[in-house]
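A.B. asks: All the letters of the sequence shown, read from the start, carry residue numbers 142 to 834 under this note's numbering.
If you are wondering where the hints come from, they were derived from the structure by calculation, not from laboratory data.
Treat the hints with care, as some may be off.
Calculated pairs, SDA-like style, for lysine to any residue (alpha carbon to alpha carbon, straight line, at most 20 Å) [what the hints assert, rightly or not]:
{"id": "1", "residue 1": "K304", "residue 2": "E266"}
{"id": "2", "residue 1": "K211", "residue 2": "T157"}
{"id": "3", "residue 1": "K194", "residue 2": "M161"}
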Amino acid sequence: VREKKYTKDVLVEYVTEEGMPVLTSSIKLMKDVKVINTSLLKDVPYGYEVAEKGDIAIKNNKVTVVVREKKYTKDVVVNYVTEEGMPVLTSGIKLHKDVTAINTSILKDVPYGYEIAIAGDIAIENNTITVVVREKEYTKDVLVDYVTEEGKPVLTSSIKLMKDVTVVNTSLLKDVPYGYELAKVGDLEIKDNKLTVVVREKKYTKDVLVEYVTEEGMPVLTSSIKLMKDVTVVNTSLLKDVPYGYELTVVGDLEIKDNKLTVVVREKEYTKDVLVDYVTEDGKPVLTSSIKLMKDVTVVNTSLLKDVPYGYELAVVGDLEIKDNKLTVVVREKKYTKDVLVDYVTEDGKPVLTSSIKLMKDVTVVNTSLLKDVPYGYELAEVGDIKIKNNKLTVVVREKKYTKDVLVEYVTEEGMPVLTSGIKLHKDVTVVNTSLLKDVPYGYELAIVGDLEIKDNKLTVVVREKKYTKDVIVEYVTEDGKPVLTSGIKLHKDVTVLNTSLLKDVPYGYELAIVGDLEIKDNKVIVVVREKKYTKDIRVEYVTEDGKEVATSSLKVNKDVTYINTSMLRDVPEGYEIAIVGDLMIEDDAVKVVVRKKDTPVDPDKPVDPDKPVDPDKPVNPDKPVNPNKPVKPIKPVTPAKPENQSKPVINNTSKTPKTGDSLHTAPLYTGIFGGGIAVALLAFLKKRKKDI
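With the hints as extra help, turn the sequences into a complete structure.
C.D. replies: Structure below.
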């Protein structure tokens, strides 16, 4: 590849429909571009939208984009209070910028058990609305009796319910007596304005603190375990929350001291880093990270993930399967209650770009590491935490000091070119250390390491081929061990394992049955493949040049194939050859192959086979003597009914059914004419045919 040749930065001026300037930015375009589509604009000012979408002409290296304010400018706070002014609930509602009053009919979150005391229009003051509510008319406080399974009373309380309620679900009970649990859950019937709830004592009398520490005594995790009141010793087999990545150094019984259990652990030995791909519910990538896991782990619980992207939450929780050493985690954006304006300004206060960031409602400080839209060509002048003021964040930036892209030429020790790339450097740099080079050509290593001088804006890097000592044979075989293809691959001398991702010559029509690392044995690696799953069998109809059908078979092809080449056909009917070779179109899942008989000379001296049938369709001349040395023409084969759902090519050469009727009864007339075995054979055949019919 090579860098595209850009020749211009186009100025983008965002203005209102009245022509007032809003923001000025720029976009890098190809030299010949004269029109830009608004879909390419990624920095439309926050709070605005494009008023005229589509193509906009570039004039004098500038494009003017008309924008308008979005049609909402405020979130209104809704305070629900009682008639005495006591607060009940605070919520919010999004309204149009020009709204000054709200009707209570649009409120959808009136607190449960309350109703609006004053209905109608309510004025919005200081972006807040106050709604007066009162408790709905209840007709009963229901008595709740908590009793044991033996009927002993434990606690009596009450619950306020609507007048028509006759059944209560135990999930509504918030005052189950301490030390007890529900013995029966679900719906309970109210009888005589009383609810009887059966509970039982929990079987524990103490919570024991569990401290996991390293062999050096460093704390790792503190948790707890519920135990019977008289327990003084705990077996490690009961511990279910050993810190992830650690293992017990001492197993067996551990003594409880001062209601505390100390468990010594050590880090497990890991053998793999698993890639973690965070994606949205519609599959868009958000963040890629990694997690260190044990070699045998195939499933990861989402509770172990500590780097869920900021502003996102897990959409799917629980165990996730590792596939191809990768874990795909589905996330979704958290529900925020405010958009914070981000103003990028220069050190002397000049505006550069205005954007926004979604934050949690309680956030008052933002770290610059969260900013993903620092203006192109600028860098942060101040990093760290920045305080939000009046719902706005001011970020100071300065122009990056680039003046050159340096050409990097990789050459061999003999001066032969291997690869040309580039590197972006500071304007004053004259020397580059080879440790900065990230694109050394595959299969090569640096011949000279250290500082290299830049000359004429170019860096020459000398490389040499890595020392390989073996060509490894790659044998592709099917799952039942049948060979498919043998090839080879060049590997480093010390390599003992080959990952299937390096294989570039998987046989056509096959896919890998086993992926991952494969062991190299005796300088050979066995790769198991299987045929790709095709989705259609096409019918192959062999016909003569005059359209008569000769045979039918089938052929398995890829679902998207619309042509086949005659070279793929392996079941041309015996005695025929393809008349038209090359590509043939598939129509209605069938293809017609034109064939013709091969030119086979007749041997006049070859004796006639008395068991070979003659053609009953051909009339016999009784006045013409029969040549006993001339073979009788055989019956032409016909094709039977076309078979359905054939999985393998089939050619059927079932004979065509002979004619019936009076023609069969003429055979005795010719008996005296035909001499020797010929007449006998013919008569026997015709009788047999009649009998079969």
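A.B. asks: Run the distance test for K304 versus E266: straight-line Cα separation, threshold 20 Å.
C.D. replies: With Cα atoms ~37 Å apart, K304 and E266 exceed 20 Å; violated.
A.B. asks: Is the Cα-Cα distance between K211 and T157 20 Å or less?
C.D. replies: At roughly 12 Å apart (the allowed maximum being 20 Å), T157 and K211 satisfy the hint.
A.B. asks: Does the structure keep K194 and M161 at a Cα separation of 20 Å or less?
C.D. replies: holds (18 Å)
Comparing the model with each numbered hint stated earlier shows that hint 1 is the single one that does not hold.
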